[in-house]
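A.B. asks: Residue numbers for the sequence shown follow full-length UniProt numbering, so the first one is 1 and each next one is one higher.
Quick caveat, the hints were computed from the structure, so don't treat them as lab data.
Bear in mind that the values here come from a model prediction, so they are computed numbers and not experimental data.
Note that the Cβ used here is the ideal one computed from N, Cα and C, for glycine as well.
One or more of the hints may lead you astray.
Said to hold, decoys possible - FRET-style restraints, in silico, Cβ to Cβ: (1) Arg-271 x Asp-97: 38 to 44 Å; (2) Leu-205 x Ile-145: 41 to 47 Å; (3) Thr-117 x Gly-270: 33 to 39 Å; (4) Glu-78 x Arg-239: 25 to 31 Å; (5) Thr-117 x Gly-269: 32 to 38 Å; (6) Ala-146 x Asp-206: 20 to 26 Å; (7) Arg-159 x Asp-97: 23 to 29 Å; (8) Glu-176 x Arg-268: 42 to 48 Å; (9) Pro-70 x Ala-146: 31 to 37 Å; (10) Gly-209 x Gly-41: 35 to 41 Å; (11) Ala-69 x Pro-103: 26 to 32 Å; (12) Asp-97 x Ile-145: 15 to 21 Å.
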Amino acid sequence: MVVGRRSRAALAEPAGDDVNAPADPPMVGLAEWRLPSSGAGALRLAAQAGADGMQVEFGGPGRGEWADAPGRVAVLREAASAANVRLLAVAGNVLNDVGLPAPPGGPAETRVRRLLTRLLDTARDLGVPLAFVPSFRRSAIDGPIAFTRTARALAWAAREAHARGLVLASENVLPEAAACRLVATVASPAFRLVLDTFNPVGAGLDPAGLTAGLAPALADQVHVKDGPPATGDTPPLGRGQGRLDATLAVLGRHRVPVRALVLENDYRGGREHLIAADLAWARTAAARHGLSGSPAR
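Starting from the given sequences, assemble the full structure and let the hints guide the process.
C.D. replies: Spelled out as structure tokens, the structure:
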């Protein structure tokens, strides 16, 4: 028997009414690309573990089936409905392989824009509010040229997102001043930054400090992990070296709207049994820090 999604937090808390509990607690979801199965199988696993939602992998070479392959959107929507798991966002991780900061006006930029268009169309067709683009590996913002080209690509994509009623977000490890400059350069009400609670650590940055400085620009879906994803097993939430709880506390103090905490620990390779404990930790932490999907008051 699967424990109800919201009931997991209740099991971890003492009995009695909590007058300080947020009226609109965030969902706690999973990232499809960190699960041992994909598509309908990933949604069933999310339901069995007690997750509220799932961010969808857009796909590509080495990343699984394209989410916009014929019939794929219908399969995902039907599977999500059957599993009672909310589809949250679409992740364009393939851009890490292609390179978002393409030279302007050439075939590489045309390819990037086609991918971004497909990503946004897929988000619209899936009925999710958010599509995001990471800036790592070939998309790393590692200098002035990459910054300018990335901002150009994101500004174009943000206009396309706005036309579809979507939010476009960038996930990167820019320092606060550069991240603020990126937001100002893109200059779109449809543009946000995805907060990852550990990635900045690898770049020598403080996630809690970034959260405070970038609070008004953050997307309402947050990637949650507490250790590096590429050096063995990621640690259970709250037991790593990312000072995760401090970052979540800053989100609460600044009343940043958090619609979903999305666990990005790696649950592949026989580690799916760890999901339930991480979900419970995230729900308890969200309640402790008063996180809410409602706008700041």
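A.B. asks: Against this structure, judge whether each hint is valid.
C.D. replies: Quick rundown of the hints versus the structure:
1. Between Arg-271 and Asp-97 the CB atoms are about 24 Å apart, so this pair departs from the stated range of 38 to 44 Å.
2. With their beta carbons about 22 Å apart, Leu-205 and Ile-145 fall outside the hinted range of 41 to 47 Å.
3. At roughly 38 Å, the beta carbons of Thr-117 and Gly-270 sit within the given window of 33 to 39 Å.
4. Separated by about 37 Å at the C-beta atoms, Glu-78 and Arg-239 break the suggested range of 25 to 31 Å.
5. At roughly 34 Å, the beta-carbon separation of Thr-117 and Gly-269 lies within the given 32 to 38 Å, and the hint holds.
6. A hinted range of 20 to 26 Å holds for the C-beta pair Ala-146 and Asp-206, which are about 23 Å apart.
7. Remark: the range hint 23 to 29 Å for Arg-159 to Asp-97 is upheld by a beta-carbon distance near 24 Å.
8. Separation of Glu-176 from Arg-268 is about 33 Å and departs from the stated range, judged on CB atoms against 42 to 48 Å.
9. The beta-carbon spacing between Pro-70 and Ala-146, approximately 35 Å, falls within the hinted interval of 31 to 37 Å.
10. Between Gly-209 and Gly-41, the C-beta spacing of about 39 Å keeps the proposed range 35 to 41 Å intact.
11. A C-beta distance of roughly 29 Å is found between Ala-69 and Pro-103, which places it inside the suggested range of 26 to 32 Å.
12. As the Cβ distance of Asp-97 to Ile-145 is approximately 19 Å, the hint placing it in 15 to 21 Å holds.
The structure does not agree with the numbered hints 1, 2, 4 and 8 stated previously, though it agrees with the rest.
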